[in-house]
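S.K.: Protein chains in written order, with numbering that gives the first Met the number 0: chain U, 0 to 319; chain Y, 0 to 305; chain R, 0 to 540.
Please keep in mind that the hints were generated in silico from the structure rather than gathered at the bench.
These numbers were taken from a predicted model, which means no experiment stands behind them.
Take every hint as true, because none was put in to throw you off.
In silico DSSO-like pairs for lysine-lysine, Cα to Cα no more than 30 Å straight-line:
#, chain 1, residue 1, chain 2, residue 2
1, Y, Lys38, R, Lys147
2, Y, Lys38, R, Lys473
3, Y, Lys38, R, Lys466
4, Y, Lys38, R, Lys486
5, R, Lys212, Y, Lys90
6, Y, Lys36, U, Lys150
7, R, Lys486, Y, Lys39
8, R, Lys361, U, Lys61
9, U, Lys161, R, Lys378
10, R, Lys352, Y, Lys39
11, U, Lys150, R, Lys312
12, R, Lys138, Y, Lys36
13, Y, Lys39, R, Lys138
14, Y, Lys156, R, Lys518
15, R, Lys312, Y, Lys39
16, R, Lys361, U, Lys171
17, U, Lys150, R, Lys379
Using C-beta positions, here's what the derived DEER-type ranges look like:
#, chain 1, residue 1, chain 2, residue 2, range
18, Y, Gly53, R, Lys212, 25 to 33 Å
19, U, Lys166, R, Glu309, 23 to 31 Å
20, U, Ile159, R, Met209, 56 to 64 Å
21, R, Leu193, Y, Ile4, 47 to 55 Å
Computed list of chain U residues with no C-beta within reach of chain Y, every gap over 12 Å:
#, residue
22, Trp48
23, Ala51
24, Asp59
25, Ala68
26, Thr97
27, Ile159
28, Arg215
The beta carbon of each residue, even a glycine, is placed where N, CA and C say it ideally should be.
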Amino acid sequence: MTSSEPQPEFARGTSLWMDAWHRLRQNKVAVGSGIFLILMLLLCFVAAWFMADPNIQNLDNKFSSSSGAHWLGTDQMGRDLLSRILYGGQLSLVVGLTATAVAFCIGILYGAVSGYTGGRIDATMMRLVDVLYAIPFLVLIILLQQLFDAKAGEASAWIIEKLNIEKQTTQKTIRRISNVVPLLVAISALGWLTLARITRAQVLSMKQQEFTQAARSLGLSPMRILLRHIIPNTLGPSIVYVTLTVPGFIMYEATLSFLGLGIKAPNSSWGVLIKDGANFMETQPMLLILPGLFFTSTLFAFNFLGDGLRDALDPKAAKD
Amino acid sequence: MLRFIFQRLLQGLLVLFVLLTISFFLISALPGDAFVKEKKMSEEALQEQRARFGLDRPVPLQYAMYLKRLIVNQDLGISPKKNREVSYILKQSFPPSVILGLNALFIACVIGIPLGVFSAVKKNTWFDYFSMGFAMIGICVAAFIVGPLLQTFIAMKVPALKVAGWETPLDILLPALTLGLAPAAYLARLTRGGMLEILNQDYVRTAYAKGLPFLTIIRRHTLRGGLLPTVAFLGPAFAGLISGSFVVETIFQVPGMGRHFINGTVDRDIFLLLGCVLYYGFLIVILNLVSDIIQALMNPRLRDSL
Amino acid sequence: MRVLLVLSLALGCAFLVSCDDQTTADKAVEKGILIFGNSSEPQGLDPQLVSGVLESNIIRALFEGLCVEHPSENGTALPGAAKSWEHNDDFTVWTFHLGEDRTWSDGNPVTTLDFLFSYERMLTPKLAAEYAEMLYYIKGAEDFHKAKTTDFNEVGVKALDDFTLEITLRGSLPFLPEITKHYTWYPVPRHVILRENEGDIADPDSGWTMPGKLISNGPFTLKSWRINDHIEVERNPHYWDAAQVKLNGIRFLPVNNTYTESRMFFDGLMHVTYTLPPELIPYANENYPDEVRSELYLGTKFIRCNVTREVLKDVRVRKALALALDRESLINNVLRGGQQPTYGMVPPFGNYKTPRSVEFDKEKARQLLVEAGYDGTTKKFPVLKLLTTDRDVAKRLAEAYQGMWAQNLGISVEIEQKEWTSYLVAQTNLDYDLADAGWIGDYLDPTTFLDMWIEGGGNNRTGWFDKDFEKLLKDSEHVPDAGERLKVLQSAEEILMSEIPAIPIYWYTTNYIIDKRVKGWSPLLLNNHPFKFISLETNTE
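All chains should be built: construct the whole structure from the sequences, respecting the hints.
M.R.: Here you go:
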């Protein structure tokens with residue numbers, strides 16, 4: 000077979016993903032946001048290691064303003080605010096991103112399958128979503144907390160033992176992160192419902208469109224049609240929605256932490272820092288403003304990156 | 000269409016039944032019950048009180064009794080914590096939640112949808128970035144921050160606005176704004192996304208090419224399709240809004256349902272909580288149905304699904 | 000277009016209303032209505048079926064016991080439903096003379112029949128009154144409540160005639176008038192309850208407490224009640240001492256969110272707040288220096304130790320934990336409400352001298368831990384869990400304890416926050432290591448802080464008990480001399496504190512803000528201000 004044999008043109012066409020990547024690179028705001036996010040990740044996950052212990056308190060030095068020892072001052076317990084923000088960022092980002100990723104996968108698949116199959120299966124699946132919407136969430140949280148509380152500690156002890164980790168700080172990090180697992184389960188368990196509804200609505204309208212009919216008449220399997228043709232086309236609104244759930248989940252974590260699910264005091268997260276800071280709004284506004292700045296700037300970046308992705312994934316956009 | 004609605008309503012009954020069953024057993028599995036107090040009651044008093052509400056029986060039997068009372072007598076039971084009819088409590092708390100929710104929804108739509116439409120039209124301009132930034136702030140800054148901020152910097156400064164309370168129509172403004180801000184942001188983002196999908200469709204391009212006036216294109220050709228995801232979101236969001244929000248209700252001292260949802264859980268007030276769950280489930284069923292119908296009416300391709 | 004119209008209308012209204020610069024509080028002062036922050040929605044208004052402080056605030060306005068609180072002196076009883084009273088030499092038999100002019104708000108007289116009915120109702124097992132133990136001072140009350148006797152005549156309350164009530168106690172009780180101020184001892188309207196509940200004395204249906212139905216004998220009657228919104232009481236024209244009552248009404252607001260409550264005060268929506276959160280104390284001190292109050296309150300904050308846990312079985316460990324906490328620093332830096340650092344369990348008041356048992360001493364704390372075998376080499380101190388609630392202040396306190404133990408003892412303690420009921424259940428089931436807790440006294444006597452630590456006591460929740468301690472408590476009931484009796488109780492507390500099943504931290508204060516126009520409001524240890532002596536003055540000069 001010679002290399003000069005002409006390939007049919009349609010098979011050669013650049014893939015959706017390649018196109019998207021190409022278009023994304025052209026979007027300055029999205030690229031800037033991406034870089035910012037990488038920097039923030041580095042700051043939280045790498046720079047934080049060189050910071051002071053975020054939990055060392057010095058009650059006599061509470062609410063101190065910016066100084067050489069504490070760049071952003073100290074909080075209500077005299078702890079270094081910058082290091083609390085950075086360590087908090089680790090947890091918040093882990094929670095926000097993981098929970099969103101899980102919700103994204105479940106929501107899209109569930110909605111797409113439900114919308115595409117239609118009929119009885121669709122009805123059953125969507126009514127199940129209705130049920131889950133109305134389940135009293137707090138009840139579920141308390142039960143999960145009962146169930147997981149001891150387990151999370153045991154699990155982290157097991158990991159530390161198996162991996163033979165001796166460094167204190169690494170041990171602490173493992174404990175901190177593993178405490179978040181029950182929280183992730185709780186959030187992911189119910190976080191996908193609206194996404195499923197949105198995806199289903201999109202799929203229903205795609206199902207009747209010409210390209211789907213064409214794919215069907217080619218005899219492609221439903222799974223293939225769904226995964227290769229329909230879902231990529233529904234991603235736009237879903238991505239938009241998902242960029243919104245990241246901040247939602249991060250803030251939610253703050254609420255749940257107070258119920259003993261999720262991070263344990265004295266560890267911090269952005270949500271907890273903001274929630275605690277809000278109490279000192281009248282007298283120590285910096286405790287609210289500083290973590291708030293980190294939080295919002297990161298989310299702006301997510302948002303613009305999400306927009307860029309949406310535009311890039313839009314199959315109708317010009318291939319320039 | 001009628002057949003579709005009828006079918007969905009039948010399914011709705013099933014949804015409520017399943018919901019009630021799951022909730023009942025989940026709530027029963029919680030540690031403690033309504034009679035756990037900081038100052039512990041004597042064992043005898045505990046037994047007596049549990050027996051009074053039938054809460055000393057095995058859980059499946061409790062469930063059967065509850066179901067029987069609900070179906071035969073349409074009775075939601077008596078709140079063991081508040082010693083009053085659940086229906087009385089809900090009747091008092093429902094109107095404020097609905098009023099607050101409707102106003103919040105109104106605010107959300109008035110801010111969110113136009114913002115989304117125009118951001119989409121003026122995509123990647125300063126207007127777009129600015130309004131999407133605003134929307135983002137609406138989401139980032141959760142109600143437990145917005146509420147106190149509005150209280151401190153608006154209510155305490157403007158004499159006519161009160162920090163909290165629920166007496167005059169003006170008292171609705173701040174809580175509704177707080178409650179409506181997040182959905183406004185979601186609406187703006189979703190509408191923008193949905194509109195962008197549609198603006199690129201061939202028939203819209205054709206309309207442009209025909210030289211139709213810009214607003215006409217938006218109104219006649221794009222809104223219907225562009226608002227699809229928005230409407231899918233609105234169903235449950237609306238149910239969420241009018242079943243009350245714990246945070247906004249406690250911050251602004253609104254005597255609504257949202258507080259019963261949370262306090263009922265914390266107090267293990269099983270019958271009150273089940274009453275709330277039933278109400279909320281009912282709202283979800285109805286509003287998701289309405290949202291599905293509207294989606295179908297808006298998009299000719301979906302009509303078959305009716 | 001329509002939107003614009005609505006908006007402009009709303010703004011117009013806002014403008015119109017804003018021309019009127021009187022705040023809600025100002026208007027209420029003119030009307031003589033006190034607006035009172037009351038924390039939460041009450042569980043009910045039946046004095047025999049509730050058990051909380053916030054309920055007691057409303058019930059105190061509606062009902063009146065044999066004796067009432069003095070507006071400014073602790074431990075002084077003024078005539079209430081009883082116009083006078085006397086006792087025998089050893090304080091075991093008391094005779095109360097009811098005033099003939101005392102009536103219910105429907106005009107019916109308050110008689111001994113009402114009191115007998117009330118105490119019988121309270122003690123009837125089927126009613127399941129949460130706080131029936133408060134009547135156990137009466138001879139035979141406990142047996143009747145536990146259904147060992149069914150004849151109420153065996154209980155030590157007797158009507159000598161319509162207006163003379165004789166109470167026989169199980170021991171000497173020099174402070175019985177103090178106890179009768181507690182709502183569990185209030186009369187309830189016999190004629191109304193029997194009518195509403197069809198003659199069933201033990202029917203817990205509290206339909207009779209609904210607005211329009213509630214008949215009471217106190218300075219006020221119930222006017223309106225809206226769940227989670229307000230309860231309003233108005234002047235009772237039939238009240239015997241109506242001339243003394245200055246207020247026309249009181250509006251109780253169940254404001255859960257303490258920050259909202261304080262902001263409502265700042266915005267002129269309230270006259271008295273229930274509390275002032277620590278974060279707002281500096282702000283309030285600066286802006287409302289004359290309105291901020293910080294007063295001693297009869298309550299103790301402590302950390303329960305689960306003595307059934309292996310580590311905490313050792314009294315030296317418990318003591319080390321207690322000595323390692325710097326209470327002064329905690330109060331000055333975290334709480335900032337002028338609380339008193341403890342040195343014992345019972346707050347000092349009246350003639351009771353609390354024995355000095357624990358104070359901050361980190362050297363000694365470390366030494367004790369070494370003595371207990373935890374010298375950092377041979378035996379490793381396990382990670383203990385500190386159980387606490389989901390409230391903001393609770394979290395900060397726990398963080399402070401944690402930090403102090405880490406810095407002063409080098410041990411690590413994990414914080415476990417739980418929502419309220421789970422938190423209570425974990426304590427009752429002894430499913431915790433250390434638990435942040437507290438206790439508010441019901442009446443002015445050390446026993447209200449000591450009785451709870453007996454074996455199997457429902458509020459003990461530590462697994463600790465001591466026979467000598469319990470014997471001293473029993474003995475104290477048979478010492479007729481008030482001074483001697485307190486000495487016996489002191490030695491009981493010494494035993495308790497040497498064993499330290501609960502680590503006392505601080506004695507409570509109530510921190511709140513009160514409008515300058517509220518008069519007749521003086522600090523009271525039980526914070527149970529009698530509303531009949533309170534007035535609102537339009538002129539602050």
